[in-house]
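Chains as they are written, first to last, in this note's numbering: chain A, 1 to 245; chain B, 1001 to 1077.
Calculated directly from the structure, the hints in this document are not laboratory data.
Take these hints with a grain of salt, some might be off.
Stated by the list, open to error - SDA-like cross-link-like pairs, simulated, lysine to any residue; straight-line CA separation at most 20 angstroms:
| hint | chain 1 | residue 1 | chain 2 | residue 2 |
| --- | --- | --- | --- | --- |
| 1 | A | 120 | B | 1041 |
| 2 | A | 128 | B | 1041 |
| 3 | A | 120 | B | 1058 |
| 4 | B | 1071 | B | 1006 |
| 5 | A | 128 | B | 1071 |
What the hints assert, rightly or not - Beta-carbon label-pair distances, calculated as ranges:
| hint | chain 1 | residue 1 | chain 2 | residue 2 | range |
| --- | --- | --- | --- | --- | --- |
| 6 | B | 1071 | A | 94 | 50 to 56 angstroms |
| 7 | A | 94 | B | 1050 | 23 to 29 angstroms |
| 8 | B | 1076 | A | 69 | 21 to 27 angstroms |
Claimed, not checked - To give an idea of the chain A side of the interface with chain B (calculated C-beta under 8 angstroms), a few residues:
| hint | residue |
| --- | --- |
| 9 | 124 |
| 10 | 127 |
| 11 | 165 |
| 12 | 169 |
| 13 | 173 |
Quick caveat: nothing in here was measured; it's all calculated off a predicted structure.
Note that beta-carbon positions come from the ideal geometry of N, C-alpha and C, so glycine has one too.
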Amino acid sequence: MFDLNGKNALITGASGGIGGAIAKSLYDAGATVALSGTRVAPLEELAASLGERAHVLPCNLSDAEAVTALPKQAADAMGSVDILVNNAGITRDNIFMRMSDDEWASVLEVNLTSTMRLCKGVIRGMMKARWGRIVNISSVVGATGNPGQANYAASKAGMVGMSKSIAYEVASRGITVNCVAPGFITTAMTDKLTDEQKSGILTQVPAGRMGDAEEIAAAVLYLSSPEAAYVTGTTLHVNGGMAMF
Amino acid sequence: MSDVADRVRKIVVEHLGVEEDKVTEAASFIDDLGADSLDTVELVMAFEEEFGIEIPDDAAETIQTFGDAVKFIDGAK
């Protein structure tokens, strides 16, 4: 339905479940993709399963210099960066009373500050091209909060405010900036939950099931498409009705 | 008028869509030539490309007028 032929996309956290699904959906729509992440083996594996329009660009998002260099590496590999998907994220959960400065800072650094750096790095090219799509992967907990995740929730809410601000600034240049906020999605991370934990979670989800990574990828695909040109500064919640805004 | 000034004027005229004779030495991009803050960023990008130079953010902020731009680029080359 959506045609991304000739578009080049940089996706962070592509070694994870959701990132991999996003990369696949953009690739299947015709985009060339640069897959970034910390673990090289799954990135290589994903690139091989996709095909020749996939490039692997390992990057540690807690390394400021490496993050700043990434947009340029992606542009060198693909010719440009037309679509940026900031999907990488980490958690370091703890109750707030016990949360250390380091637990706070590392989550903010990887989830929010690296997103800021990557946005900055790609916007110059997008301004010249008068076309660009930035999709930042936030989280339902950025809007609702979650006990034990003050750092993570702050980083994901921060992403929303930042995206809206950038959206204002660059809208006149054909660049849109949006967020997708997933709820509970089946990934390697949630596979570790016990059945009891899972059923507890599901009592909060009207849809009565966890979401699939592909359902997040579909939202990202839409916001990356030419058809979504008039959608900017918004957050698309994909959570089975768990929280409605 | 120097070669640099001619090239800078051409970029300004093209980018901001203004008449050439409005682009005087003291003409402010924002106050006189109708640029918004994003236009000034794009002008700096265009200057960097045209002259093969790097204009750091703190220097870019000092470039307010056509004359400022020509002076900076003359010094940077």
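Hint-by-hint comparison with the structure:
1. A hinted pair counts as satisfied when its Cα atoms are at most 20 angstroms apart, and residue 120 of chain A with residue 1041 of chain B qualifies at roughly 13 angstroms.
2. Of the pairs offered as hints, the one joining residue 128 of chain A and residue 1041 of chain B holds, with about 11 angstroms between alpha carbons and a cut-off of 20 angstroms not exceeded.
3. For the given pair, residue 120 of chain A sits about 16 angstroms from residue 1058 of chain B by alpha-carbon distance, which is consistent with the 20 angstroms threshold.
4. For a cut-off of 20 angstroms, the pair hint linking residue 1071 of chain B to residue 1006 of chain B stands: about 13 angstroms separates their Cα positions.
5. The hinted pair formed by residue 128 of chain A and residue 1071 of chain B fails the criterion: a straight-line CA distance of about 25 angstroms is larger than 20 angstroms.
6. Taking 50 to 56 angstroms as the suggested C-beta distance range, the pair residue 1071 of chain B and residue 94 of chain A conforms, at roughly 55 angstroms.
7. Hint check: residue 94 of chain A to residue 1050 of chain B, Cβ distance near 52 angstroms, so the stated range 23 to 29 angstroms is violated.
8. Residue 1076 of chain B and residue 69 of chain A have their C-beta atoms about 24 angstroms apart, which keeps the hinted 21 to 27 angstroms range intact.
9. Hint on residue 124 of chain A holds. Least Cβ distance to chain B is approximately 6 angstroms, under the 8 angstroms limit.
10. About 6 angstroms separates the beta-carbon of residue 127 of chain A from the nearest beta-carbon of chain B, less than 8 angstroms, and the hint is met.
11. Contact between residue 165 of chain A and chain B, as hinted, is not supported at the beta carbon level, the nearest pair being about 13 angstroms apart and thus beyond 8 angstroms.
12. The criterion of a C-beta within 8 angstroms of any C-beta in chain B is met by residue 169 of chain A, whose closest approach is roughly 7 angstroms, and the hint holds.
13. At a threshold of 8 angstroms, the smallest CB-CB gap from residue 173 of chain A to chain B is about 7 angstroms, leaving the interface hint in force.
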